[in-house]
Amino acid sequence: MAHPCELNILCDKNSGNNVEDRVKMALSLGYEVIVMNNFIPEFYTKKKKKGQEKTVPVPEASEIKIPEHIWKEFKKRYKNIQQCTRFTTVITDAAQMHGLTKQKELKGYDITAVQPTTEKLFHNCCTSDDVDIITFDMTEKIPFKIKRPSINKALEMGIHFELTYSPAIRDPTLRKHSIRNAIKILTVCKGKNVVLSSGCERAVELRGPSDVANLGILFGLNEAQAKEAVSSRCRAVLLHAEARKTIRGTAVMKVTPVVDISQKLQSSTESQKNSLQTTSELMPDESDKSDCNGLKEDRRTGNVSESSFRKRLHEKDTDFQFEDTVSSVSKKSKTVNVVDS
Amino acid sequence: MVRLKNRYYLCEIIPTGEKKQGTHLVGGFTERLVFKAVQKEVQDLHGDYGQGVLMGSFSVSYLNPDTNMVMIRAGRDYHRLVGSALPLVKKIGHQEAFLRTIHLGGTIRSCQKFLIKHNKQFVKSATEGVDVADPEVKEQGNG
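Just so you know, the sequences run in chain order A and B.
Read in my numbering, the first sequence has 126 at position 126, and its numbers run on one by one without any break.
Numbering-wise, my numbering comes out as the position in the second sequence, counting from 1, plus 1000.
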């Protein structure tokens, strides 16, 4: 089990001053990535009459991190350790999903986690771009049905489901609830994209990575999935969070090797050559239109602008300039964006 | 004859009780206490079935009171029942403590090898930066 991660160390101000104790315990148990979790149940409400928005002040991400001088001491003792931040909220209204993107303070947090309360909101969360983790209250019965279509969407988006294990350690009745909830989730998602984390309130409730994997087996995961849920799935969450922040508003160009293109041009028949001549004589407006269509197609398939790129190559003569085409394509994509919006 | 196969959980006992003034934590864990603590959790979690199935093989076969290392044996077919009960242990005897699994082995010998390696690494990390004159100290591993 390489690189185990602990995705949920609660550190809101109500939870007391033992955050350092818990982090220390987690590091001594062998975790390499520690995620400080700021849990704020309600942070965004919308008044119905006036349409005014009311927000609860959310502390900056740097405030909940372990202070530098203490972290340096930890770093001397344990190698390859890393700390991240996470924001968790309860979603009771569709407007709150909107609030996730609006609030400035939230941009400082690495991971965003949500806890939906109804079936519809759960579906919203599964299809949202702004969510990394969907979490559940393991101390109570989950108040809605979990349906396969929404789960499929979530798997497609790379959103993970979190099971917290510390209630199971705390108390026998809570243990029954958490086993029941875990089985309910796992029967639908079949053990894919599941993350195990503590959500502990005291240092005593933390357990080592292999023990957590054992608990995962108790929850109904199989052996390989249980080990993944502590290590590689957690890494996937961190990567997803990073990708979510960086990928918005950028276009990815996939460039095919030059050798392939020349071969293609050689293999093209005479009829295509004729068409090349005709297309080069086309009016600029029409070529624009064809490009727009190509780009739109690309968006749907996700195969970004490769086909339109090739199209353009065919339109031009053999002595084309590579950079020229790239820049013109990017210009076109800009114009398309304007038209869309 | 078919060999009866076992699995051995190698665990470290981590005491979590409050420190008393001036004195460091009292150890005093015995094999019997650890066995009783784990057995209670198996009873709570898996009930009479779990108890009955494990009756022949379940035991604590090694405990080092100096390093707080403990080895728990269970039959191979049902060792998961013990494994899932281990994280739920909160108290051993009268002292608050929990178990941290570090290895799951098929034989006592493989666990011993792992333990020696583990202890060597621990000594190495603990004495890092400290000049150890006696080379034997570095080789010390309480296997």
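Simulated from the structure, these hints should not be mistaken for lab results.
Be careful, since some hints might not be right.
To be verified - List of simulated lysine-lysine pairs, PhoX-like, C-alpha gap at most 20 Å: (1) A:Lys192 / A:Lys145; (2) B:Lys1040 / A:Lys176; (3) A:Lys107 / A:Lys153; (4) A:Lys79 / B:Lys1124; (5) A:Lys76 / B:Lys1124; (6) B:Lys1040 / A:Lys79; (7) A:Lys145 / A:Lys120; (8) A:Lys153 / A:Lys176; (9) A:Lys104 / A:Lys24; (10) B:Lys1113 / A:Lys176; (11) A:Lys176 / A:Lys141; (12) B:Lys1005 / A:Lys79; (13) A:Lys24 / B:Lys1117; (14) B:Lys1091 / B:Lys1005; (15) A:Lys153 / A:Lys141; (16) A:Lys75 / B:Lys1040; (17) B:Lys1120 / B:Lys1040; (18) A:Lys120 / A:Lys147.
- Contradicted hints - numbers only: Numbers 3, 6, 8, 9, 10, 12, 13, 14, 15, 16 and 17, in rising order.
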